[in-house]
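According to the working numbering, the sequence shown is numbered sequentially starting from 2.
Simulated from the structure, these hints should not be mistaken for lab results.
A portion of the hints provided could be inaccurate.
[Said to hold, decoys possible] Using 25 Å as the maximum straight-line C-alpha spacing, the simulated BS3-like pairs for lysine-lysine come out as follows: (1) Lys151 with Lys86; (2) Lys70 with Lys139; (3) Lys286 with Lys61; (4) Lys115 with Lys181; (5) Lys138 with Lys61; (6) Lys115 with Lys86; (7) Lys232 with Lys206; (8) Lys70 with Lys38; (9) Lys139 with Lys61; (10) Lys181 with Lys169; (11) Lys255 with Lys211; (12) Lys120 with Lys70; (13) Lys86 with Lys74; (14) Lys181 with Lys120; (15) Lys197 with Lys120; (16) Lys138 with Lys211; (17) Lys136 with Lys112.
[Claimed, not checked] Derived DEER-like restraints, expressed as beta-carbon distance ranges: (18) Asn137 with Asn235: 38 to 48 Å; (19) Asn110 with Asn258: 25 to 35 Å; (20) Asn207 with Lys167: 17 to 27 Å; (21) Lys186 with Asn137: 18 to 28 Å.
The structure presented is a predicted model; accordingly, all values stated were derived computationally and were not measured.
C-beta atoms are modelled at their ideal positions from N, C-alpha and C, and glycine is treated no differently.
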Amino acid sequence: MGDDYTRRKLFYFIIITAVLINCCLLNCNNTYKEIPKNILIIHYIDVGQGDSELIQFNNKNILIDSGPKDSRKHLKHYLESLGIKHFDYVIATHPHEDHIGNMDYIINNYKVNKFLSPKSIANTPSFISMINSLKNKKLKINVLYNGYDKINIDNKITVQVLSPEKVKYDNINNYSAVIKLTYGKTSFLFTGDSEKQIEDNLLQKNCNIKADVLKVAHHGSSTSTSENYLKKVNPRIAIISVGLNNTYKHPSTKIINMLNKFNIKTFRTDKNGTIILQSDGNTIKKVL
2 MGDDYTRRKL FYFIIITAVL INCCLLNCNN TYKEIPKNIL IIHYIDVGQG
52 DSELIQFNNK NILIDSGPKD SRKHLKHYLE SLGIKHFDYV IATHPHEDHI
102 GNMDYIINNY KVNKFLSPKS IANTPSFISM INSLKNKKLK INVLYNGYDK
152 INIDNKITVQ VLSPEKVKYD NINNYSAVIK LTYGKTSFLF TGDSEKQIED
202 NLLQKNCNIK ADVLKVAHHG SSTSTSENYL KKVNPRIAII SVGLNNTYKH
252 PSTKIINMLN KFNIKTFRTD KNGTIILQSD GNTIKKVL
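All chains, please: the whole structure from these sequences, using the hints.
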């Protein structure tokens, strides 16, 4: 009798403990996935030597780039942890593998409402796989160019495509979509791998590139981020998406020194991992 009673107590204890742990996990996950209304969240996802940014606002999801193919497992788990089921917009800034390496996976496994990319092609496995996936899903490419105004996230948010122009570039990096997102008094600049030719063009045209947060172009390479350009953007925060101990030796010491010179708070995915920023339209804070 005593043994049976003890066994029953132990059995109920195990069941109750399991239920409590499960409830706790569910609550934690819901807290992580659910974003308060009118709060903008931007994830600079650690995809190694590549780029991928996720923008979330009022149940809208926008993905800019998808990182290299060797980051697929991490990207998959990260998006799953957030409960992502769809993307309102998926943007490929330009057709280099470290930016579109997982686009085929994204297109094949998520509901994508609209796919956007500059008019640039590449004869690479990643690009061909991306195009085949788009064809299979009957998704067309909406061509991005300076002045494209059909990225409508919310009436509280403005999205401006500042580059590329409708011209041919010798360097594929310069086809990169340069996008400015403004929410209230806060602003974010996404730059792909755009280089100094594009920066000079934006300066010559006197474009409004001022932004609180700059995604430093081309992983902090010295081919981008001229001093005049940085002065014009005048960011408080700089994000560098870069792989640990990469063979390109990104980011350039010159770029890091310049960011320090202007007292710009700099975060790097190789040192900080995934970086998450939050804006309420008035202030920006780092939440991870």
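Results for each hint:
no.: 1; hint: Lys151 with Lys86; result: 22 Å, holds
no.: 2; hint: Lys70 with Lys139; result: 23 Å, holds
no.: 3; hint: Lys286 with Lys61; result: 20 Å, holds
no.: 4; hint: Lys115 with Lys181; result: 18 Å, holds
no.: 5; hint: Lys138 with Lys61; result: 20 Å, holds
no.: 6; hint: Lys115 with Lys86; result: 14 Å, holds
no.: 7; hint: Lys232 with Lys206; result: 15 Å, holds
no.: 8; hint: Lys70 with Lys38; result: 33 Å, violated
no.: 9; hint: Lys139 with Lys61; result: 22 Å, holds
no.: 10; hint: Lys181 with Lys169; result: 22 Å, holds
no.: 11; hint: Lys255 with Lys211; result: 22 Å, holds
no.: 12; hint: Lys120 with Lys70; result: 22 Å, holds
no.: 13; hint: Lys86 with Lys74; result: 17 Å, holds
no.: 14; hint: Lys181 with Lys120; result: 19 Å, holds
no.: 15; hint: Lys197 with Lys120; result: 20 Å, holds
no.: 16; hint: Lys138 with Lys211; result: 37 Å, violated
no.: 17; hint: Lys136 with Lys112; result: 14 Å, holds
no.: 18; hint: Asn137 with Asn235: 38 to 48 Å; result: 44 Å, holds
no.: 19; hint: Asn110 with Asn258: 25 to 35 Å; result: 41 Å, violated
no.: 20; hint: Asn207 with Lys167: 17 to 27 Å; result: 19 Å, holds
no.: 21; hint: Lys186 with Asn137: 18 to 28 Å; result: 43 Å, violated
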